[in-house]
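Participant: Sequence:
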Amino acid sequence: PLLPEDFAGANLAADIHLSWDGRFLYASNRGADDIVAFAREQDSGRLRRIARHRLDGAGPRSFCLDPKGRFFAAACQGSGELLVYAMGEGGVPGRLLARAAVPQVSFCTTIL
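Per my numbering: the sequence shown = residues 1 to 112.
Heads up, a few of these hints could be off.
[Stated by the list, open to error] Below 25 angstroms or equal to it, Euclidean Cα-Cα: the simulated DMTMM-like pairs (lysine to aspartate or glutamate) are:
no.	residue 1	residue 2
1	K68	D56
2	K68	D43
3	K68	D6
4	K68	E89
5	K68	E41
6	K68	E5
Just so you know, the hints here were simulated from the structure itself, not pulled from any lab data.
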């Protein structure tokens, strides 16, 4: 389940990534404009939704994760921005650190 129960409107899931350590799975929603985080059980691989992080931009088409688990970046095509967040506790994106206007942005790659 990627959408909140009370969401009404058009939405497209856009990107999905497993954290570098395999503990978390993330998916983006274009329409709800958020990232949904799931904890992944190591023994079974089962997923449990742990958080929904509303982004500060519109239409997240792509996102990427820092290999060390410190940062999360989202390419928000709808608002033409690249957003960088600190990774918060428990594998959930936290506070916004930086934003850059990037007209027609549609992709970001791993932050080193």
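Participant: Quickly compare the C-alpha distance for K68 and E89 to 25 angstroms and report which way the hint goes.
Facilitator: This hinted pair holds, its Cα atoms lying about 14 angstroms apart.
Participant: Under the criterion that the straight-line Cα-Cα distance not exceed 25 angstroms, is the pair K68, E41 satisfied?
Facilitator: It holds: about 20 angstroms lies between the C-alpha atoms, which stays within 25 angstroms.
Participant: For the pair supplied as a hint, K68 and D43, is the alpha-carbon distance within the 25 angstroms limit?
Facilitator: The given pair, whose Cα atoms are some 22 angstroms apart, holds under the 25 angstroms limit.
Participant: Given the hint that K68 pairs with D56, test it: the Cα-Cα distance must not exceed 25 angstroms.
Facilitator: 23 angstroms, holds
Participant: Are the Cα positions of K68 and D6 separated by 25 angstroms at most?
Facilitator: 34 angstroms, violated
Participant: Can you confirm whether the C-alpha distance between K68 and E5 stays at or below 25 angstroms?
Facilitator: 33 angstroms, violated
Of the hints listed earlier, those the structure fails to meet are numbers 3, 6, in rising order.
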